[in-house]
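Undergrad: For reference, the chains in residue letters:
Protein chains: 4
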Amino acid sequence: MRKIRIGSVGLGRLGLRHAENIAARVTGAELAALCDVDGKKLGETADRLGVAARFESFDEMLASPDIDAVVLVSPSGLHTGQIAAALEAGKHVFSEKPLGVTVEECRIAEKAVEAHPDRVFMLGFMRRFDESYRYAYRKVKAGEIGRPILFRSYSQDPERFIDGAIAFAAHSGGQFLDMAVHDIDLARWFTGSEPRTAYAVGGCYAHPEFARYGDGDNVSCLMQFDDGCMVFLFAGRTAPHGYNVETEIIGTEGILRIASVPQKNLVEILDTSGIRRECSENFLERFETAYINEIQEFVDCISQGRKPEVSVYDGTRVSEIAYSCKAAFESGELMRF
Amino acid sequence: MRKIRIGSVGLGRLGLRHAENIAARVTGAELAALCDVDGKKLGETADRLGVAARFESFDEMLASPDIDAVVLVSPSGLHTGQIAAALEAGKHVFSEKPLGVTVEECRIAEKAVEAHPDRVFMLGFMRRFDESYRYAYRKVKAGEIGRPILFRSYSQDPERFIDGAIAFAAHSGGQFLDMAVHDIDLARWFTGSEPRTAYAVGGCYAHPEFARYGDGDNVSCLMQFDDGCMVFLFAGRTAPHGYNVETEIIGTEGILRIASVPQKNLVEILDTSGIRRECSENFLERFETAYINEIQEFVDCISQGRKPEVSVYDGTRVSEIAYSCKAAFESGELMRF
Amino acid sequence: MRKIRIGSVGLGRLGLRHAENIAARVTGAELAALCDVDGKKLGETADRLGVAARFESFDEMLASPDIDAVVLVSPSGLHTGQIAAALEAGKHVFSEKPLGVTVEECRIAEKAVEAHPDRVFMLGFMRRFDESYRYAYRKVKAGEIGRPILFRSYSQDPERFIDGAIAFAAHSGGQFLDMAVHDIDLARWFTGSEPRTAYAVGGCYAHPEFARYGDGDNVSCLMQFDDGCMVFLFAGRTAPHGYNVETEIIGTEGILRIASVPQKNLVEILDTSGIRRECSENFLERFETAYINEIQEFVDCISQGRKPEVSVYDGTRVSEIAYSCKAAFESGELMRF
Amino acid sequence: MRKIRIGSVGLGRLGLRHAENIAARVTGAELAALCDVDGKKLGETADRLGVAARFESFDEMLASPDIDAVVLVSPSGLHTGQIAAALEAGKHVFSEKPLGVTVEECRIAEKAVEAHPDRVFMLGFMRRFDESYRYAYRKVKAGEIGRPILFRSYSQDPERFIDGAIAFAAHSGGQFLDMAVHDIDLARWFTGSEPRTAYAVGGCYAHPEFARYGDGDNVSCLMQFDDGCMVFLFAGRTAPHGYNVETEIIGTEGILRIASVPQKNLVEILDTSGIRRECSENFLERFETAYINEIQEFVDCISQGRKPEVSVYDGTRVSEIAYSCKAAFESGELMRF
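Those protein sequence lines, which keep their order, are chains X, Z, P and L. If you're matching positions, the first sequence starts at 1 in my numbering and goes up one per residue. If you're matching positions, the second sequence starts at 1 in my numbering and goes up one per residue. If you're matching positions, the third sequence starts at 1 in my numbering and goes up one per residue. If you're matching positions, the fourth sequence starts at 1 in my numbering and goes up one per residue.
Honestly, the hints are just simulated from the structure, not real lab data. A few of these clues could be false.
Treat identical chains as interchangeable: a pair holds within one or across any two.
[Said to hold, decoys possible] Calculated pairs, EDC-like style, for lysine to aspartate or glutamate (alpha carbon to alpha carbon, straight line, at most 20 Å):
id: 1; residue 1: K141; residue 2: E278
id: 2; residue 1: K264; residue 2: E278
id: 3; residue 1: K3; residue 2: E30
id: 4; residue 1: K139; residue 2: E285
id: 5; residue 1: K97; residue 2: E288
id: 6; residue 1: K264; residue 2: E288
id: 7; residue 1: K139; residue 2: E281
id: 8; residue 1: K139; residue 2: E278
id: 9; residue 1: K139; residue 2: E253
id: 10; residue 1: K97; residue 2: E297
id: 11; residue 1: K264; residue 2: E144
Sequences are here, hints too, so could you generate the full structure?
TA: Given below as structure tokens:
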């Protein structure tokens, strides 16, 4: 059984993690090439992971016949172009979110995917591959909680990363595009339905710097979906306790809560502060296994000639909704879809 | 030190509890009279609690010089009239919520209270007297969580009481008036601020009967308050696990969650269903101590010549806001205050 | 219905609490007299609680025909004598633990109780009146956890009270007599069985002062009971997080844990230390309701002509077992009963 | 960097898992050969995992120059012989516990390891490689909980696997040898100390079948270690809720609890049974990552010329202690080391 040969693009924090996972944690795959504009980091990482093929140019990497698939962890603005080029070059493509930085870009990606129906395209909504989310999803689909009433989902980044967030704010799409997209994806995935209305509020509670970009440091949105389900999203950048991604699904016959205590591990500490759990530090810690699982699914889809459950259209739809939430927040008006 | 002599009005479930508490659990008070239209229940209860003075007529009870104060747990539609009459008769008044069934009625109650500045008037927002809520309140006021960002509060009644709720629906003010008023009170109390906008959604997810009255079995509302705080309220009638009142206050420097696991007691059960906590059954169980504490505060205010923190204007304001939420829900429009 | 008139003896922390409860929180009882050797404290407390009859002499109080019952919260060494004298004087008696400071003293108390079968005698094993323990007890007796396999019970006092514990050490019976007696009582109550063997270990882990009295600051004991149930007890004085009384009962069909997280209230705090619960501070906070319930039961037994479930023989038996545990600890040998 | 070529021996549940992990989850290793007496299972597994070299004979596998190391997941009675033979054949050896079925066998393994100081030998105490245990260990070693007072550790197998346990009972070493060895290893690892005394109790609470072999279905042991630390172990086969491995370390300045709620994942379920967490099903689920980590450490030790922290002497010592606990249980006497 020949291994799928993957070229991984971008060696930022998440890119590095994907490369390490492909090198050692994914069955049926081989880290065949690395690509990054930073030659020094590229060389060091490739040496460490034992990868011979190294490219500072994405196009040169695409030209290599030795690569079956690419994993894109490049800057968001490059995603659409790289997706199209890679598919055109005959490669399977896994792209980190967002699909594109505008809805128009997403449409371009859609076209590229449609033009290559024999290639696997997959978008990195990693939460769908977290074991706890999957477990909850199976219960919901099996009808164990009855009809969904309220879907509530939080994404909170730790306050201690705020300097980075402020520095990045000018290039950021804002809280809804940056963070809430994952919650929007989950809401659509769990309900199988689409938003009908959206009302969004928020502000700069601790960091006025975000106001300059029309953004808040904490925002929220209440939507009603076509199936009647209420959806409440909250995205914040000032969590005092760590990285907090939690979801609650209230149904007519049961309620599921995923990670309502965003614990780092199974250790409970009793000391002068009381009885406590330490919190996940960041997305890499919380979703460590999910990042492996999603690449595994990408590789398995290629091997088995399947298409991933998450499609290019999901990427577009999530972006559209996030833009509507953003517009609702900026205008103070109720949005109707 | 002479005990405050209280006449308690109404012997429904909560009225009975109030009577029992006054008889045995409140310092400095005496259950001096009971009043209910049901003579049989009145007699039995008075016998059991050792109360000589029994009235089927509220007016006759008011005429008794032997009573210092009344506790009103009568049907909502009677509250305003009884408040005014009791104050006029020189009694101190504790009234269960709601203050009145319309905002106009609330204004009448305000006038009556204003006309008797030497009398104590107190409204039964019992959650303010729950020890966990008070503990959280002190932390918020001491600045321990910084600036409030999101105030989220749930009131969920158990599904197993749904028949009663349906039977009562015609006379009910709906979910926002019946249940969410407590959450609205808490939001105003914790933030010290007032709503500026409200958007409400919901529906009949399990019980279409509520639609006939323009109500839902589960509803929610997103508001932004004048101080910027986001407020998300959820009120439901179909909780599978029991009575669930929980509140979360996310601040810039800390987060407090009150009763996020609505546990019945300190017993944890490990059996074939996993590791579980049983849930509070109803408001009487969850707020057992709060119901004592609030009457204690009422009695202490009378004894010490103080006025309670919660005023008649709080009652009016909460009703106004609940009516706006209801209007938002019915119209599907964004409300601006 | 005439109220039971109680004279309360001893105004230390717990004595004061009992007096306050009798004055205001117990149905069918009246705080008719107070007794303490400290005249100043006696006067202040009696004034505050509105009690006219005040005694610096226990014998004088007993002479009062105006008193139906006494509640003894006096120094342990006085218990037996006061129990006998009070019964002789025709009073019902509630005594705080221990029944006596030696097993011989306990026998004297037994004789006194036997000599007055028409009087109610009750011993203050308050944990049996805690709502969580009672809930667990009912489940065990109903067979919900099958046959008990392991009964594990901890009593931990907070480190911050260590100075008081050291100062009291010379007069203390040691960890098994002071603290573990409650766990021994629970083990006998839940299993309905008696110990057959005991092996005890421990030491001075933080405070060598206790060694002078043959005691440790933390000790434990493993016993096997006649019904086969394993019983593990742990008693400590150095808990960093607060007052921790927890019990686990492992059965063949279910497991119950009581207060495994000794939470102060229902507030959960998320801050830089993680996600935490604050802990109960001391026994008065943790067993606030149990202290009310036990006096209520004492009063109800008097009113209804019943005898309390916990008998004078339970007091003796628990003392015997605690002394055996102490002997096991001091000798390092296995004790057989 | 050449990969370490591993031959994996034994394809039972755990053997299969090790083989799969080596094939796909361990960096720097290659699953080079498989060995099992069951030719059919061997062929199927080798096909599935893409392994060409297949052996029904252990000796033939050892003869292969193509293998650097062996992982032994064979029946316990074969361990010592296979360890010695593999080391003699120049292979590095990872062996599942127990090191040997008697202390004498363990000594033979010691001799074999001593005779090949250039080979890596490692024993499968996987709990040391669980992330939560490692996290707790670092805190203990950093002094964060002060001096250890009580080390409590439970190993509970689910009741639903009882038929298998009964079928295996004749060949089992009993509860202390089968299950408590992991807790004994943890106690020694965390305290860095050795037992001085042991008292053990238990019995057949649900399944009299174990009595025939001098064993119980649930047993416990209280030990005091040389450094004074109290150690309480409990091992059971009848857990109603699932697989429960938990440990508590009470120190003078802090307390750590590892997996006191043995949750399956981060999903909390609220339904008619209350608020619950589902439990880990078995050791493979609970220690999924630990099993990967330990083989990774074995491979890294080989690659880096290091020796693992857990030595052959740990294997012997744990067996000696487990035999003493067993003797204590069988005799009802206190053991002194």
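Undergrad: Indicate, hint by hint, whether the structure satisfies it.
TA: Evaluated hints:
Taking identical chains as interchangeable, the C-alpha atoms of K141 and E278 lie at most 20 Å apart only when they sit on different chains, with a minimum of 18 Å there against 32 Å within one chain. In this assembly of identical chains, K264 and E278 lie within 20 Å of each other by CA distance both inside one copy and across copies; the values are 6 Å within and 18 Å between. For a Cα distance limit of 20 Å, the shortest separation of K3 from E30 qualifies both inside one copy, at 6 Å, and across copies, at 14 Å. Taking identical chains as interchangeable, the C-alpha atoms of K139 and E285 lie at most 20 Å apart only when they sit on different chains, with a minimum of 19 Å there against 25 Å within one chain.
Proximity of K97 to E288 under the C-alpha cut-off of 20 Å is restricted to the intra-copy arrangement: shortest distance 17 Å within a copy versus 29 Å between copies. Taking the shortest alpha-carbon separations for K264 and E288, both the intra-copy value of 11 Å and the inter-copy value of 17 Å come in at or below 20 Å. For a Cα distance limit of 20 Å, the shortest separation of K139 from E281 across copies, 17 Å, qualifies, whereas the shortest one inside one copy, 28 Å, does not. Only between protomers do K139 and E278 lie at most 20 Å apart by alpha-carbon distance; the minimum there is 13 Å, versus 28 Å within a single protomer.
Proximity of K139 to E253 under the C-alpha cut-off of 20 Å is restricted to the intra-copy arrangement: shortest distance 12 Å within a copy versus 26 Å between copies. For the homomeric pair K97 and E297, the shortest alpha-carbon distance inside one copy (16 Å) is at most 20 Å, but the shortest distance between copies (34 Å) is not. Taking the shortest Cα distances, K264 and E144 sit within 20 Å of each other only across copies (18 Å), while inside one copy they are farther apart (28 Å).
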